[in-house]
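There are 2 protein chains.
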Amino acid sequence: MLMDDMGWGDLGVYGQPARETPNLDRMAAEGMVFTDFYTANPLCSPSRASLLTGRLPIRNGFYTTNAHARNAYTPQEIVGGIPDSEILLPELLKKANYVNKIVGKWHLGHRAQYHPLRHGFDEWFGSPNCHFGPYDNKETPNLPLYRNMDMIGRYYEDFPIDIKTGEANLTQLYLKEALNFIGRQHNDDRPFFLYWAIDATHAPVYASKKFLGTSQRGLYGDAVREIDDSVGQILAHLQNLGIAEKTFVFLTSDNGAALISAPNEGGSNAPFLCGKQTTFEGGMREPAIAWWPGHISAGQVSHQLGSVMDLFTTSLSLAGLGRPHDREIDGIDLSPVLLQGKTIDRPVFYYRGNEMMAVRVGLHKAHFWTWSNSWEEFAQGIDFCPGQTISGVTTHVQQEHTMLPLLFHLGRDPGEKYPIRVTSAEYQGAIQQILSIVQQHQKRMVPGEPQLNVCDRAVMNWSPPGCEKLNKCLTPPASKPWKCSWPH
Amino acid sequence: MLMDDMGWGDLGVYGQPARETPNLDRMAAEGMVFTDFYTANPLCSPSRASLLTGRLPIRNGFYTTNAHARNAYTPQEIVGGIPDSEILLPELLKKANYVNKIVGKWHLGHRAQYHPLRHGFDEWFGSPNCHFGPYDNKETPNLPLYRNMDMIGRYYEDFPIDIKTGEANLTQLYLKEALNFIGRQHNDDRPFFLYWAIDATHAPVYASKKFLGTSQRGLYGDAVREIDDSVGQILAHLQNLGIAEKTFVFLTSDNGAALISAPNEGGSNAPFLCGKQTTFEGGMREPAIAWWPGHISAGQVSHQLGSVMDLFTTSLSLAGLGRPHDREIDGIDLSPVLLQGKTIDRPVFYYRGNEMMAVRVGLHKAHFWTWSNSWEEFAQGIDFCPGQTISGVTTHVQQEHTMLPLLFHLGRDPGEKYPIRVTSAEYQGAIQQILSIVQQHQKRMVPGEPQLNVCDRAVMNWSPPGCEKLNKCLTPPASKPWKCSWPH
Ligand SMILES: [Ca+2]
Ligand SMILES: [Ca+2]
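Those protein sequence lines, which keep their order, are chains A and B. To convert, note that position 65 of the first sequence is 65 in UniProt numbering; the numbers rise steadily by one, no gaps. To convert, note that position 238 of the second sequence is 238 in UniProt numbering; the numbers rise steadily by one, no gaps.
Take every hint as true, because none was put in to throw you off.
Copies of one chain are not kept apart here, so a pair can be met inside one copy or by any two copies together.
Straight-line distance between alpha carbons at most 30 Å, and here's what the computed BS3-like set of lysine-lysine pairs gives:
(1) K483 to K138
(2) K176 to K246
(3) K209 to K164
(4) K469 to K138
(5) K176 to K209
(6) K210 to K417
(7) K164 to K417
(8) K209 to K417
If you're looking for bench data, these hints aren't it; they were derived computationally from the structure. None of these values were measured; they are calculated from a predicted model.
Pulled out of the complex, with its shape left as it was, chain A reads as follows (with noise of 0.2 Å):
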């Protein structure tokens, strides 16, 4: 189950006041949460395209290389996707007889090479871009949804979003998909992964009817409570089938709350400095619930450095197959850690477009490069830290640190205020296991051909297969690629 843009601060179980995650809570209280749980991008494509891959974007394509440390994504104009020599998780469970469905946002490309089902996957219910929105079908198509092959209508068309008032029931399409399915293997006796990649948190948030207004946060909120009660569905479908010992359950959010939509349609990140598309904390750490009963103790806490690649790996493991080992891959087997309470040794690595920006090693982060978001953006009020200044370091300039990385102790700070003194025995230390790993880290990378380089018009969801059906297809502009312009 992975959530859109939602901040580890939005949970009830994280801290959050309202607390109006009952469901969410209540699996946490049955399951492993996770305090040190990171995504591998703070955006939304490279997020995916890792987890689905195990391997960082620099590996399987997912960033740019037109600017330095600039985030990528798969918006309508992007040529690339998901390359074929990438394997998928679903690739791999196909083989053990697994059925894989996508319900909700894809994200790794919408052309027809990049189609999920060309990529291990079974089924799909859902939309190969964000719900962003209403366009006019003349500079710009409205997106598709697709089920399987075929698109099977439009956002603000056929799948209505009221910007205006928040109001879609998209939430419960995606419930119901997932219920749907989940009772259909079941009664095939077939084994199933279901990707729930849901984007009701993602702005233009939204949420339907029977939720709308039910939170004491607003809109957002309501998205939350309407997420978290599907989730306590789901949870009671598997225990209703009598397959909740047999079904391992992750829930996770893709990048940190998107701050610049705060407060009407962003989440909280709190304690954490800043948000979506930084390499703060607030940017990268995730919510993070593990739930399998009669596997997974209930009750239990860890602070394992995790990641949403460790869910490619760790899935392999629990479904008694073995990783590639072709490739070097990035997520680590987190089974020992679920199972067992065990805990493993790892960095983590910052990535933001082509380049580490930071680095974390037990509980000290060294940041070789910040950045915020440029001085012209943020005149401009486009805010990913609002209300949040620490000299230095949420910077509005790229700044290097690489002779002398700044340096922090998430134990004692989490919140990324108090840089360490160069000078101090802690700084030394910490620096130089950071370093050799580092040193190793970059060794061994081959960074992966950058995908999301060029854009076209002419590419974007114009004819998507089945427009035919439904009489919805757009003729395209000629082709005109040009290179992408990332601006953050």
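Given chain A, put chain B with the ligands in place with the hints provided.
Chain B with the ligands in isolation, oriented as in the chain A frame:
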């Protein structure tokens, strides 16, 4: 159980990432957690005076008129203290045959007439002031620890605190006092009131040897761990004696975490704005847990707007006693909240010194004055909001907003970052309601005689009662009163 400078974000159950408070978290799981519980002032002395009188500092005299909107407390040179005209909780409980003990910090004045045994307590083990020092006993005497009427030694001499390592065994002494007192009352079959006012989390922060270095969070976390362990032992003691179902236990803190001492000696107020000394949420919203097996159902979360002053009224109610009717009491009886899960409508007033800075009604909070501290202090590095700057909110001048209060919605915006537009319908509606409540409040407000205006080095703890037996009497200087200076 009153914590000192412990912040909302310091407990696992409130989202502290290190999650090092298993006993407090269990207490919360077995009882009721308050998300919206407040102190009456963001500083020790006035907060404690309010807890024991059920009245705002502006009424009970724990404020200053020496300067506008400045916090005052009871350092050694203070002449004032708790007036005889105030009725304290233990004085009333005595009428119902309760035995009352204070363990730890009193802070309501250290001169003879302010002694806790003169104000309703039967026993005392602790100190009248904060454990600052070490002093030279020439310019400033080291602070005394009392057992009942007499001092039994001084900090740093007889009760060591190693300022370098943070080692001190005081929490262990306070724990022993609590366990012993409870055991004795149980043996005598006497009802009791234990006011366990420990101060290990107030700078200089300390922990005993066993706990030093055990936290991810440094010395501050070590202190929290020791307190957590002690609370666990006290609750276990109640259960072992079979009196848990007869004992109402409440844990809260006297003010928000002291961010000026962070990260090594200060806690966390995440996700709230600023800390101790301020009337932002970080200064006044407190962790609060009620525990009473058999009476308060397990696993509850209450959004009741609560106050330390409610502990006065609620305790009286639970003891079957009435509240005084000859004076204004600001605390309300929370027993319907605790025992029946009800919610009681009531405002929260945020005072700083002699000024009502802000008011909360429902989820709206209106600031009539904003101030962090002066530019002069700020320039010296004294920062009550480290890393946080909200333009027009965390002001370094005392900024008046009485004509057009700054309004926040604490549900959508617990961090007080996004003032609501003055022209919005939400603003108009909320402000009208708030202004009418403020008008009522001010109509009934008769400020008490301010107790914290006059200082005199002659009143310091030179020769507390009992000093002669210990040969620890010091010679006071001649009396030379002055108007105390309160910098913030
Ligand atoms: Ca996202
Ligand atoms: Ca205090």
